[in-house]
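Let's have the full structure, built from the sequences with the hints guiding it.
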Amino acid sequence: MAAKVLEDPDIREALRGKFVISMLAGIDVATLRELIVGSAEDDNGLTTYVAKAIPNIAARYRQSITVLEESTPALPEEKRELLQWIFDQVGKTKFLPTNLINLGTVLNTAFLSTLSIPLEGLLDGSVAEGLKRKDAFEMAAQGVRGFAAMLENGLHPAVMREDISSPRGCTIQTLLTVEKAATRATFAQALINGINHLEKPTKG
Numbered sequence: 001m002a003a004k005v006l007e008d009p010d011i012r013e014a015l016r017g018k019f020v021i022s023m024l025a026g027i028d029v030a031t032l033r034e035l036i037v038g039s040a041e042d043d044n045g046l047t048t049y050v051a052k053a054i055p056n057i058a059a060r061y062r063q064s065i066t067v068l069e070e071s072t073p074a075l076p077e078e079k080r081e082l083l084q085w086i087f088d089q090v091g092k093t094k095f096l097p098t099n100l101i102n103l104g105t106v107l108n109t110a111f112l113s114t115l116s117i118p119l120e121g122l123l124d125g126s127v128a129e130g131l132k133r134k135d136a137f138e139m140a141a142q143g144v145r146g147f148a149a150m151l152e153n154g155l156h157p158a159v160m161r162e163d164i165s166s167p168r169g170c171t172i173q174t175l176l177t178v179e180k181a182a183t184r185a186t187f188a189q190a191l192i193n194g195i196n197h198l199e200k201p202t203k204g
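Taken in order, the sequence shown gives residues 1 to 204; the numbers are from my numbering.
Hints listed in this document are in silico derivations from the structure and should not be mistaken for laboratory results. Beta carbons are placed, not taken as given, at the ideal position from N, Cα and C, and that holds for glycine. Take the hints with a grain of salt, since some may be wrong.
With a Cα cut of at most 20 Å, we get these calculated PhoX-like pairs of lysine-lysine [unchecked claim]:
1. Lys79 <-> Lys92
2. Lys18 <-> Lys79
3. Lys79 <-> Lys94
4. Lys4 <-> Lys200
Label pairs and their in silico Cβ distance ranges [unchecked claim]:
5. Leu115 <-> Gly154: 19 to 27 Å
6. Pro97 <-> Glu129: 45 to 53 Å
7. Thr98 <-> Leu46: 21 to 29 Å
8. Pro157 <-> Pro73: 33 to 41 Å
9. Pro118 <-> Thr98: 27 to 35 Å
10. Ile164 <-> Leu46: 53 to 61 Å
11. Ala74 <-> Ala148: 47 to 55 Å
12. Ala185 <-> Thr72: 19 to 27 Å
13. Glu129 <-> Pro157: 24 to 32 Å
14. Arg60 <-> Glu162: 29 to 37 Å
15. Phe187 <-> Glu129: 36 to 44 Å
16. Ile164 <-> Glu34: 46 to 54 Å
Structure below.
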């Protein structure tokens with residue numbers, strides 16, 4: 001689909017000399033530039049610059065982490081700064097090399113999509129034990145903020161679990177239950193499967 005659109009002569013002409021920022025998953029900057037510019041060099045002194053940025057849905061609340069591709073050849077410094085500035089307005093940015101951009105793309109969405117499943121399980125369990133869902137939501141939201149703050153301050157998740165768990169306590173019982181379900185391996189494989197799917201050749 002991208003090739004059909006970007007290889008159109010009128011589209012190419014419209015984009016000539018522009019700074020194009022793509023949010024297409026699974027297509028790197030080199031491929032995009034080839035589709036837009038073709039094998040011929042830009043003429044008339046007009047250079048078409050292409051960049052790739054993958055934000056996530058938290059951009060709605062200016063809390064996205066946007067993955068930016070470190071393309072080769074590199075963008076001019078002023079274009080790189082502009083790219084970063086644009087997406088800093090909706091959260092934070094992280095440059096990754098081309099060989100890691102698909103991983104970053106999937107991880108960027110997995111933080112929100114896959115983690116919503118265990119979070120929803122905790123909410124359901126809270127309601128089952130008598131807590132109003134509204135109250136459970138409020139506690140969950142603050143809990144996630146606290147979790148994020150600890151990560152940002154360099155606290156490893158394993159250390160966090162050790163700090164919370166006490167001998168014969170309720171927390172270690174919840175952790176044992178989760179570990180019995182092979183949750184850690186399931187999440188790791190989910191990420192790997194997502195990357196593999198993104199890197200599959202497009203059918204048709």
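Now for the hints, and whether the structure bears them out:
1. Lys79 <-> Lys92: This hinted pair holds, its Cα atoms lying about 17 Å apart.
2. Lys18 <-> Lys79: 11 Å, holds
3. Lys79 <-> Lys94: Holds: Lys79 and Lys94 sit about 16 Å apart, inside 20 Å.
4. Lys4 <-> Lys200: Since the Cα atoms of Lys4 and Lys200 sit roughly 19 Å apart, the hinted pair holds (cutoff 20 Å).
5. Leu115 <-> Gly154: 19 to 27 Å: 20 Å, holds
6. Pro97 <-> Glu129: 45 to 53 Å: 47 Å, holds
7. Thr98 <-> Leu46: 21 to 29 Å: Hint holds: Cβ distance 25 Å, inside 21 to 29 Å.
8. Pro157 <-> Pro73: 33 to 41 Å: 38 Å, holds
9. Pro118 <-> Thr98: 27 to 35 Å: Since the Cβ atoms of Pro118 and Thr98 sit about 32 Å apart, the hinted range of 27 to 35 Å holds.
10. Ile164 <-> Leu46: 53 to 61 Å: At roughly 58 Å between Cβ atoms, Leu46 and Ile164 fall inside 53 to 61 Å, so the hint holds.
11. Ala74 <-> Ala148: 47 to 55 Å: 31 Å, violated
12. Ala185 <-> Thr72: 19 to 27 Å: 35 Å, violated
13. Glu129 <-> Pro157: 24 to 32 Å: Taking Cβ atoms as reference, Glu129 and Pro157 lie about 25 Å apart, which means the hint holds.
14. Arg60 <-> Glu162: 29 to 37 Å: 35 Å, holds
15. Phe187 <-> Glu129: 36 to 44 Å: 25 Å, violated
16. Ile164 <-> Glu34: 46 to 54 Å: Since Ile164 and Glu34 have Cβ atoms about 51 Å apart, the given range 46 to 54 Å holds.
Comparing the model with each earlier hint shows violations of hints 11, 12, 15; every other hint is respected.
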